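Fit the two chains together into the complex; they arrive one by one in their own frames, and the hints show the way.
Going line by line, the protein sequences match chains A and B. For what it's worth, the working numbering labels the leading residue of the first sequence as 1, then goes sequentially. For what it's worth, the working numbering labels the leading residue of the second sequence as 1, then goes sequentially.
Nothing false has been slipped in among the hints.
Computed, partial: chain B to chain A, Cβ under 10 Å: (1) Y303; (2) K525; (3) N631.
Derived from the structure by calculation, the hints contain no laboratory data. Computed from a predicted model, the values in this text were never measured in an experiment. Quick reminder that beta carbons are idealized off the backbone N, C-alpha and C, glycines included.
Listed below, chain by chain, are the residues.
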Amino acid sequence: MKRFILFSLLFLLIFSSYAVDVDALIKNSPAKDSIKEAKAIYLLNRTTVDHRENAKEKVHSHFLIKILRTGGEDRFGDQHIYFDKGLEKVNILKARTYADGKWIEVDRKKAIKVLSRFTAFSAGDYYPNARQLVVAFPALGENAVIELEYTKELLKRKKCKEKKLIYGEAYLQGSTPMENVERTYIFDKENDLKTAFKNDDKQFEYTFTEKDNGTSLIYTFRSGSIPMIINEPYMESYERFVPIFIFSNIGSYDEYSQYVYKKMFARTEKCGKTFKNDNGLIKFMTEDVRDVWFSFSASGFSPYKLKKILKNRYAGQVDKAYLLYYLLKDNGKSPQFCFVQNREPLFKDFIIPSKFSAFTCYDGEKAYNVESDSIDYDSTIHDKCKIFVIGEKAGKWIEIGDKIKPKETDCTISIDKNGDAEIEYKIIYNGEASTVRNKYRDKDEDEYEKMITEFAKEVFPNSKIISYDIENIDDREKAPVISIRLKKERYVKFSDNIGFLNLRENRFAVSKYFSKDDRKYGLELAPWNKMMNLVHYNISIDGLTFDYIPSDIAVKTDLFDESIKFTKEGNSIKIEKMLNINSGYMCIETYEKEKDNVNRKASELSQIVIKKQ
Amino acid sequence: MNMRKIFDGIMLTGLLLALFAFYGCAGAKIDIKTTPVKKDYKGASSVTLFDISHTKLNTDGSYEHTCHKAVKVFNVKGRKMYSAVSTQFCKDYGTSEIKYIRVYKPNGEVVNVSKKKIQTMPMPALGKFFLDKIMISKVEIPDLENNCIIEYEIVDHFTNPPMENNYWDFLLFEDFQPIVKKIVSLEYPESMNIKYELLGEEGIKVDKAVKGKKKILKFSMENIEKIKAEPMMPALNKVGRRVLITSTESWKDISKWAYELYEPKMEATGPVKEKVEELTKGITDREEKIEKIFRFVCDEIRYVEVGMVGKKGGFEPYAAEYTLKNKYGVCRDKAVLMAAMLKCIGEDAYVVLTNPMYKIDTILPISLFNHAITAIKEKDGKYRFIDSTTFGANVDLPEMERDKIALVMTKDGESWTNTGKKDPYKNLMLVNIQSNIKRDLSSKNIFSIEMNGDMAMSMRNAKKYLKDMDISDMLEQIVKQFAEDAKVDKKESKIEIPDDFNKPVIMRIVFTTANVLQKSGKYYKFNLGDASSMGSGGPGYFNLEKRKYPLKIDMGMVAKATIEINYPSNIKPKSYPKKYNFKSDYMDLSSNYSLKKGRLTLTSDSIMFPATIMPKDYVTEKKKYNEFEKNTNSDIIFIKR
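Bound-form chain B, shown alone (with noise of 0.2 Å):
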């Protein structure tokens, strides 16, 4: 026996898999000639051959989970879109590998990214959020030429589940580029009650297996189109096909581990009771006191999130005096700072989870919130809800939270609720318009906007973002828009901002102007008529002739205008809207006139409400729409007497 053989043919051997380690799995596993073509997705980048991904759960909720990977690029955008391969992990909760990345090339090449090109950082600063537990491993892809394949796969180790014992998942089975085959499964123990519900449109396949004490569910799916994003349309979240996944047998159960984690850092401590006590001191009027609080924790308390506090860092928040002490801190520590400043003033004041972005699924009891408010119990037992963390709104719930899902804290727990809606008429803008036109036609002119609720935030925001002079500018130039020569008196004119959020924003701007009425041969047009129509949406929404998805509409307001035109006598109106009236589900439009000796009054009011309409009926609403449009007539027109 040759020892020398033998050893050269252990040290080779043992080459090889080191190098077959440090490279990942030599062979290919995808021959490319198989694989679809640019041509069988049109208008696609990309497609995903497979994304296959399989979870093994713990009965404590940790898990292993793995995603195996592969794109098919087809342009210069697929490319793009997959240029490089990432992962994030927070440290406090696992870690998140890139176990291997390949790239097939059109001639059959197999290219091994090596591991060595793998940077794993800490997170950039995202807005005011600097959190250095969070790190990401990313590794841009060389070799990148039309019809590649990128193979990939990342294992996460998530050892430490925010509900312990529990185990949530969202899996969406839509994209915005086509999937040749998805599959996701869970491994789960037998001693897990584990249910599953799916939503949207048929087409997700369910198998189940039993693997010794182990139960495995399979959801599937081949052959998905991409999603053709519509305007206005719903979240994706809400409209593609999706799957959700929960062992948590009720939303009780997520109210009271909410509960558990909030309740100790909720405690009034002496400085916490201090500021109430400042804050409210000679105030006896039980909504002045709130207000009071809500304005110092809103206004006062910045928003910047610089660290996750707790074992369950990102779910848990600083304790209420840390906030206040420092005087930032993200939702869930406003939230807390604020119920526990409330209940000083004997308020039974609360958390609540919510999801402003869309309204989540609620058939399945699962935490898909991204976003602390406090809320107060009346004594009717309903809930009013406050976020402080909108700065420039006053107590009243902003437009974007309402109508979605809140789930309230409590030590017995509670099921989920709703934000309710808001009267349209909590945001109204008054839109005056009065001027004063001399007999050689020059002007002056008065244009005001009174501006309520959410439209008064908007207001409030760009204060505390732009300086006066930015706003004086932003003011000229509004009317520049309808009069290039106007002036604009800048001591007349002014946005008022009034300490007392109940009361509503103004914007004023006096201007004098030789063209408010533009001069075309015989007939003298308005100018500012147009100014009017601010705040009416209707024809935005229906631009495409039919829809796939639902046209959402969020917001709701009351817009009322008054043209105040006051004429000298040697003009008179030649044409001017007349009344009419429109009625829908998601809007209410109408106007009146009145025409005296030397002056011209028209008003219009506009109510939209936030509505969802469905694709069945969207065609219909159009034309109801498009009828009405084409028969009004915004156009005020004067000729000399």
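Bound-form chain A, shown alone (with noise of 0.2 Å):
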């Protein structure tokens, strides 16, 4: 009896330390009115992580979200949490919505559902496991709250016998607000985890302890609100400014480099596949070995032998790596495997390789995009980043410069007294040779014909195609050519003897990026909103005046160059437009003080006049 009683206080003990008073929570809880913006909030949100060898249980998630607004049950009504069916289980332990002043369960047999994930699909026989367990919430509209309790188990441990990498980012803020919100996260103690808690500059109350039990590490993060983030368009990333929890056991990038370096180089293999040139290589690479795509890190850094991936001719990305690796070396190369980093991390002193954006190849002079989508000439990499190269004792970081061509398009136009036009229209893919490739290799003429017409008629609505000529789609050395010969009638359209030349380039590119007046954040572009165009225009008149020429005008920023120039040469105009736009970060301050003038000057920008003799 007395052990009985002794457990059952014991118990409450412990169950109190953890429990929550729900109902005081959703009855203090915030009216919709209050919060603008939100369609819903965080009431609680209580995750512990459990990083430790020796814990059974890894994850356990308990959070209350009440529904402020319409579209907030659609985000919200249906949770998702991901697992590996072959090593993780997953138990719930709470499941119920509150709703017209009563508590309803969600149905445990109707209601929740274990799926794939779309991993599972794309990856084929190498990620059949990936599921994802759902649980749709009942009875939703304004001021219903779900409340979902969960834990992540482990079925089996995976013995490691070298040291586990441990590494992560917490985000501790996002674009939902939330309220009691607690993060636990326990390591090991162990002498080389590393933790930080970056950008600590306190924009809304909250604590940050760490706890040293003998045996583990416990970091815990409370705050009791924690506003949303309202997203902005081309905002700063969150890495700058929001409250994160950064952790790795990685000491160095050499570290990581033996590392890796010793799982790729596990054993040692002799491909024995020789090509004519490197176009033969690269062209094998691309179009004969296939991406089945996998998370980044999921093969673990074991490659498949290389004749399983020459059989199935289809490799994630560690695989193809480690082809390319050795027919790089059958074919005469010094290959090393390398990371591509295309966004410098901000915190330079943890090792995170989930930032990497890539693993591939670098033979000494560049550094190898073989992705089967990337039907580039050349296969590099040719965007400004930088690469770390994997080495047996040490990495070695280089940098790798911009070998980024413009995209050039030529125009030539002639007008005739009546307004009527003969054009020719010439577009040069440097940069976005994939794209073009893709879009039009293996068609036949009609669909060829199609396909010009529908492109030419967006830069000349109702003209009518003279001819066409597509070059280069097939041929890796050279940039794809798109030329078109058009006729438009009344190109120019004459109103009491004047005419406006309504050119599509006369706009600058660069306002879009400047149309917020209110800005809260910076402003950031990734590589991917890089862009080189360069288009040079002639125009000529018959039996027609210029009335009119604009002036030239250029805006030049850390992230943007642009200008068009105008020269007339006779009975001709030569329009030179330039735009340039590079990745990286505008701070606020810099972004309020270039707005201004960026949109005065786009708005300077004027059409050429013409007016009939």
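As structure tokens, then:
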């Protein structure tokens, strides 16, 4: 009896230390009018992530979400928990909705489903265990509250002979407001683990504590209220301002290099496949070994044997790099494995491998891009970035400069006295080769005609195609070129002998990045926002005069460089438009300074006026 | 007799048989050297060498279906398209098995894909469909290179037909890649009355045979060219060569069958009645009551499918009370709840099957429906259709679902009907631009758009998913397309989305700019002139010189634009759009103007009608429109006095 009482007391003690008065949280929850913009709010958000080697329960999560506005039920009403069927198990402890003054339990048989994740499909036999558990909450609407509590447990441990890499970043603020937040991270006490709490400038109230209980380290973040982030177009990345708990037991990039090197060279192999030239090798890698994608580190840097990869003729990124390495070697190159980092992380003192954007090979001259859809003419990574070349003892950082060439457009327009025009339009796709190749390859004449017609009429609506040519779609060494000859009646429409020349490129592209007047956050452009365009117009007139030619105009900032120049030569005008958009960051102060200037310049841009003689 | 040798022989034979069974037929069936090559099919990424399927039908509607297919891939794109073989099935209805897969390599080698590589998994979540009974079996094809042939066989056992003792099939004989040979055969008991119809262009051959107490129908076609898609063409199911097959006697039978599935679920139990009472308390107007119920089912029952119910899951809805309790369901669940609730207020309500994707063929009774809505039978016997799945719509059926085939579920069964056309004026958009220009040519401008019907629906949907800040950013971006230096007055600018769905959604942007008149030398072009043309879709229709397929214009709408420019005395208008008129079966355009001292007012009306322009009429219509377009000028130009 005594033992029973003691046990009950102990149980209550443990329970009460975690217990949450859910009903009180709901009763005291904010009304929607007090929180503008949010579709929902977390009334409780508690998660414990246990990284300890012997921990069975890896994740314990408990949250309450109140729906504030229409749209919230769609976004939060179905909760997805991802897990690996072969390694993990999800236990749903609580799943219910509070609505109209009462609790409604989720029907566990009907409304909790285990489905595949999409990765299972694209990965073939690589990741068939990828699963998601979906909980669909009933009776949702404004002011309804969902409660979900679950754990994720390990079914079996993967035995690791070498040091297990532990790293991650926990972003502690997001696009949904939160109250009663507690995030706990538990680690085995090991000398190697380095942690930090970044962006701690207290934009809102919180505490962050570290506790050492002898065998474990426990980091806890607590906050009573965290405001939501309202996203803005092209806004700076969250990494710059959101409080982040960051951890890594990788001491240095050299240590990581050693780790990867060991994995990739766990066995030595020979490929024995040779090619006549580099082009043949690249063609094989991009066209004959298709991408079967899975998450970047899912294979754990344990590539399949070459024989299997060559037999399958499909591979994920690690296996593709592995195959590429041996092909390059067998074809006279000196390759090394490398990681690509197209955006430098802010916190360089922490080694977080998931910050790398790709894994491939470097041959001393170039880093390779052998993704199946990347059919660039030279298959190099030509964006400005850094690569980390793997070595047995140490790695090496190498900067790759910009090798992007601009997309070039040449347009010749001859306008007669009626305003009818003959147009020759040619585009050389230096930078966008992959996209164009994928679009235009393997079509017949009928399809080409339709595609070219569609394309031409975006630029010159209601024109008539006279002829066209599509070149270099399959020639990897040259940029694709599309040339079109058109006729357009009444290209210039005269009214009282005056007509305006409406050129599509006669607008400032840069303006769209400066359209928001009241930004809170700076501007940040990702590598895929980069652009280089060069457009040349040569416009000649017959039986007409140029009544007005605009002045040159230009705008230049760190991220943007755009200019339009007009040169009159007798009866013709040459227009050169140049646009460069770089990736990078512009702080809010610079944005404010540049915005009015850019917009003012853009609005000064005017049009060519033509007059009948 | 050497027993040892006999034993070894038996063992060896057994082993070979086991290997044979495991890997599939070991012998090569296709001589790759005799198959077509890429140059025979210009522009194709692959060619289907044969696509042979055979169905063995039983009188109860169950069947075994075998598909045997071989595809030759010519290039990267073809290999990508056929990089995996997969099949899907629903556990409640039967099974599907990939029997074997072989790859024939250009050098003659035959690679048998091990069955061990076939993964069978539940489907992932597809949007808001969480269906763990739907399984997918899939395998990535190894060792694929250009000019390989992939051959496979899939066998389906369909044990639970949706409509007992009935069979339906829809066979499309065309695809976006060429086909050398396609054969579809159906073996059925002679007691079943199987009917078929060939639709589309000619070319499908029909053969009939008798095999004991079974009949065999065989449809075949050879050398099928690939479909070359055109913009705004009708659905392939409507223009491709196709065969419809059915054993059902009439549309009424399908209507009755569906009624039997749905009717038990339509009971308005206590909670349903209570909800109706709560919603319609104090309301006497009939339309208001209908609107209230519609708004509840449309806006408060979210669109989610967490499972299939009953023996005919996927066809059978959940009970009205169940959907009400959970506040989620898919189209059939919402349609049932809607009907049950409407009945509570005395309406003669029904559930209806439709297909909003395209207008299905009606020549034979086949259920090609994929959607369920509700209908009220009015006093004149006509049906009024209501779709409670379209968030943001008013009770009037949206344009997309108009002029589609509908089948009302009734006890005695009914034939198909049409959801009817919508008056374009229900999708009315009013665009108003008022610009007040000062002597220094700076200006204050009011740009407003009033949206009704389907136009308003888009805005309401956007509002559901976007934040107010996103919408505010959107307003800014709209204005800055025309005047980069514009400053939006955020207090006066707004998007009004009234709770009353019969009232329009209004977007109003008030902004100042120094550049509403873009200066080019001595001329000033009014920058907002192009904004008034929002909504007219003419130019996009006639990009192609000629067409093989009809041009289908789905949306009907009316857009009326008014530009009022109040200008100072130091400038005067030099040029502006004069009167014009364009009339056709699909579009009416007209414009007018008035010029008074200090004020130029331009008005334009455009009415678009849903229409289908046949290929033979396309060139004429194109010419007419181009002639009109080249003689109109939308530039509004001022000069200084």
